[in-house]
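There are 2 protein chains.
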Amino acid sequence: MKPLTRRHFIERATRLTGSGYSAMMALNLIPASPARTLSLQGNGNGKRVLILGAGMAGLAAAYELGKLDYECTVLEARNRPGGRIWTVRRGTRETELEGDEQTCRFDEGQYFNAGAMRIPHHHESVIRYCRELGVPLESFNNTNEGAYYYSDGGRGPLANKRIRQRELHSDMRGYTAELLAKAFDQSALDLPLSAEDKEKVIEYLVAEGSLDAGRRYKGTARRGYRVAPSAYDQPGTPAEAPALLHLIEAGYLSPHFSNVPEYTYEQQTTMLMVPGGTDRLTEGFVKKIGKKITYGAEVKEIKKTEGGATVTYLDKKSGATKALTADFCICTIPLPVLSGIANNFSSDVQRAVDLVPYNNTCKVGLQFKRRFWEEDDGIYGGISRTNLDITQVVYPCSGYLSAKGVLIGCYNYGSTAERLGNLSPAEREKLVLAQGSKIHPQYGQEFESSFSLAWQKIPYSQGGWAVYSPEARQRYYPAFLQPDGPVYFAGEHTSYLTAWIAGAFESAVRTVESIHERVQRGS
Amino acid sequence: MKPLTRRHFIERATRLTGSGYSAMMALNLIPASPARTLSLQGNGNGKRVLILGAGMAGLAAAYELGKLDYECTVLEARNRPGGRIWTVRRGTRETELEGDEQTCRFDEGQYFNAGAMRIPHHHESVIRYCRELGVPLESFNNTNEGAYYYSDGGRGPLANKRIRQRELHSDMRGYTAELLAKAFDQSALDLPLSAEDKEKVIEYLVAEGSLDAGRRYKGTARRGYRVAPSAYDQPGTPAEAPALLHLIEAGYLSPHFSNVPEYTYEQQTTMLMVPGGTDRLTEGFVKKIGKKITYGAEVKEIKKTEGGATVTYLDKKSGATKALTADFCICTIPLPVLSGIANNFSSDVQRAVDLVPYNNTCKVGLQFKRRFWEEDDGIYGGISRTNLDITQVVYPCSGYLSAKGVLIGCYNYGSTAERLGNLSPAEREKLVLAQGSKIHPQYGQEFESSFSLAWQKIPYSQGGWAVYSPEARQRYYPAFLQPDGPVYFAGEHTSYLTAWIAGAFESAVRTVESIHERVQRGS
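For the protein sequence lines, the chains are A and B, in the order given. Our numbering applies: residue 8 is where the first sequence begins, and numbers increase by one. Our numbering applies: residue 8 is where the second sequence begins, and numbers increase by one.
Heads up, the list lumps identical chains together, so a pair's fine if it works in one copy or across two of them.
Here are the simulated lysine-lysine pairs, DSBU-like style, with alpha carbons at most 35 Å apart:
1. Lys-205 / Lys-189
2. Lys-295 / Lys-376
3. Lys-74 / Lys-376
4. Lys-437 / Lys-207
5. Lys-295 / Lys-310
6. Lys-294 / Lys-311
Treat the hints as calculated values from the structure; they're not laboratory data.
Whole structure, please, built from the sequences with the hints as guidance.
What follows is the structure, encoded as structure tokens:
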């Protein structure tokens with residue numbers, strides 16, 4: 008497989024040590040996508056464009072350039088399109104960089120999205136392509152108050168006990184509203200508000216926290232029942248709220264649980280998904296421009312020349328080395344991969360290619376004999392969260408009530424994902440089942456088979472997504488904003504929408520605009 | 008049509024003057040449903056049971072009794088089954104109590120659920136029947152941070168401006184977290200927490216409110232962008248947060264907006280729905296026991312007799328008055344209707360039938376030429392909320408990206424619904440379009456046709472659902488918990504799950520258990 012590149016060593020040293028993506032989201036550093044309708048005039052007159060990579064950026068670029076009569080070829084190293092849109096189904100095979108091989112043994116019809124799985128409702132570029140390509144969209148249940156939180160290793164009466172998300176949310180709303188109402192009462196806060204306006208804030212707090220007449224939080228039916236209400240003589244018995252201290256002791260006020268992802272702009276409801284698997288979006292493009300894609304073409308060298316660019320690649324099927332020349336080249340290859348490809352880029356570009364950090368990320372799909380999370384726990388979609396290495400359990404939000412199901416038993420980032428990725432698939436399975444059993448004791452009884460991915464070890468990706476620190480954004484990012492002669496850069500890493508499909512689309516559209524403008528100018 | 012009953016006058020006087028259902032939810036008085044698996048032994052040996060009403064309670068009772076070899080007949084006054092499960096589609100006709108006639112002119116395939124539209128994920132009795140009858144379930148988007156709040160009639164710079172729900176939610180989390188952190192700093196609160204634990208609360212508040220390093224709320228990208236981030240050189244410009252004072256002045260801290268329905272146990276995500284219309288749940292039952300239903304049978308008298316019960320009804324098709332006798336009768340007729348039917352019930356039952364209040368509620372479905380709320384506003388499902396009479400705008404959460412759509416332009420309760428219901432359908436349409444235009448100015452351009460319901464004026468329902476005050480629960484409710492001789496009462500009004508399908512199911516199951524136990528005892 009690929010040799011370790013210079014970049015590979017650098018990034019080991021500089022890579023974020025924690026959950027970079029989560030932290031970014033918590034800080035609201037990952038932003039959102041505007042609508043860009045592309046209605047370019049004029050004609051490319053058969054100018055040749057070589058596109059490297061058949062991920063979302065490459066496919067969208069080929070699609071848009073095709074509309075303008077450019078002659079495009081897409082070189083794709085894999086035997087499938089889509090890049091980090093990848094839906095794992097029965098028969099999916101993958102060999103990771105260090106040689107671990109897996110074949111998916113799920114039942115027919117079972118799947119999980121190993122890469123992109125959800126679309127923010129404001130990522131209009133994605134929605135626009137779905138509309139244009141006839142790809143349907145449905146709601147993706149990113150939140151579920153019935154899913155669990157599980158804090159491992161805390162103290163006190165709630166230590167190592169799973170709780171429903173509704174419980175923590177209701178209790179913290181209650182306690183903080185009570186405390187703030189008390190501070191208001193004691194005039195402890197010097198606020199530029201009239202007495203009447205203060206009264207309105209207190210009224211709000213009473214509603215927000217579900218406080219009683221004495222403005223105390225004494226629990227609330229919002230957090231659920233010990234005995235559920237029913238018909239006839241069963242009014243139900245609300246569950247008692249734990250003390251604030253016990254929530255603190257158990258660890259539920261730590262960032263693992265308080266950095267609520269669904270607060271971020273990107274993960275707010277409504278989130279959307281492509282029914283049947285995100286790869287159906289890829290199929291939408293392939294129907295339009297599939298003939299332009301050459302599969303099994305592993306790029307070996309990218310060279311700026313006098314009249315354009317020459318790309319040398321290994322035709323993996325025949326074993327032959329081939330070369331193609333074109334007027335322009337759009338390079339969408341992920342930076343950790345590009346770093347290992349010979350090139351004569353400018354030194355600014357080379358430095359950026361080598362030094363922009365990428366995130367580690369793992370996903371482990373688990374097929375179970377029955378949907379015990381629905382049948383036993385009443386969990387329909389959404390995500391359970393924990394401070395264990397598995398970080399998240401993502402439940403399927405389609406096929407409710409059906410017999411079997413695949414859930415994502417681990418979705419983690421950063422150093423946690425690095426550790427998990429360094430295990431063999433069999434060891435990962437073991438660890439994920441052991442940790443997941445703390446939340447769902449049914450795992451042992453119901454488990455059938457797994458398929459795991461450590462994206463940092465997946466050939467031709469070698470990472471989850473670009474993670475720009477403010478410094479990296481300032482120092483390296485600008486190198487991608489201008490073409491390096493005939494070579495343009497596109498992909499999520501050339502956007503402020505890193506990690507999202509929209510970043511790939513927006514950058515592809517911007518690249519097509521730039522090339523077209525240049526061609527129309529005749530420069 | 009029906010003459011005004013005694014009950015009708017009483018309820019005019021006692022009916023809750025506000026949004027009873029909302030208020031109940033805010034107070035968490037409307038509870039949730041447990042799993043009840045019914046696995047009764049023994050045989051009814053052809054004992055005859057007369058079931059009054061083919062709503063959910065009647066259908067479930069007939070279905071369960073059929074399993075046990077009882078001989079059931081269901082008398083249904085309407086020409087359709089389902090009761091308050093009612094999906095309005097092209098050709099749906101209705102004549103309200105005071106003679107207003109409507110025929111639905113939506114396009115084929117367009118519909119809205121005039122009655123039950125959503126199922127809490129913990130209403131296991133509903134999920135159990137869906138599973139058993141092969142009725143699929145999907146997620147119902149009850150919440151959408153991208154939907155609007157619109158406060159009419161406030162003061163200040165935000166007065167009469169719609170805002171996205173994400174804005175108010177992010178701002179109030181920010182301001183309250185800032186204030187509470189400040190109170191902590193000033194040691195204004197005497198808390199039984201160690202210094203270390205206090206620090207954890209502050210850390211939580213910083214995350215919860217998206218506070219800056221100085222623990223101040225200065226806005227957050229969570230609330231969205233003025234210029235959206237994109238590819239290349241567009242990092243985006245976050246929108247500025249308004250001052251707390253301006254939110255107060257505009258009215259956004261009032262109960263219309265702070266009594267967040269999705270906080271309640273019943274309306275928390277995940278909510279579920281039946282794809283294609285809730286009436287597909289009705290169809291599931293009808294496939295099993297449809298032959299037992301007599302339609303167009305308007306009950307005129309219910310009489311306890313020596314050996315059982317005799318029910319006299321008008322066969323609306325022939326105009327003939329008919330009578331049926333049975334060993335037992337299960338009466339699921341809504342109380343406002345039952346109050347007008349001759350009977351020889353006990354005085355306790357009669358009093359309860361006359362005096363338990365029901366809620367007014369209106370829904371107005373609007374078909375539009377295009378889904379501008381998706382195309383222009385990026386709203387996929389969820390509910391916009393306002394203090395205007397329309398109260399809610401409910402967006403469809405299926406068929407995203409399709410051409411046309413039907414949204415529910417008004418869903419209100421209590422006195423607001425009474426006022427709207429007193430208008431003619433044409434006047435309701437006019438009012439709903441005028442008020443809705445304040446949130447969606449596209450209404451005027453895109454509107455095609457409407458269908459409106461005031462449930463208090465719908466024959467054979469005459470109200471939305473039972474609304475028990477604590478007093479009504481204590482004084483009247485117990486009358487329904489025991490049979491009145493051979494007559495049993497079932498329906499949402501005989502449960503602590505009023506207004507929900509689960510209330511109907513749970514009460515039906517309890518009734519079947521009671522009858523079967525009595526038959527097995529031979530009493």
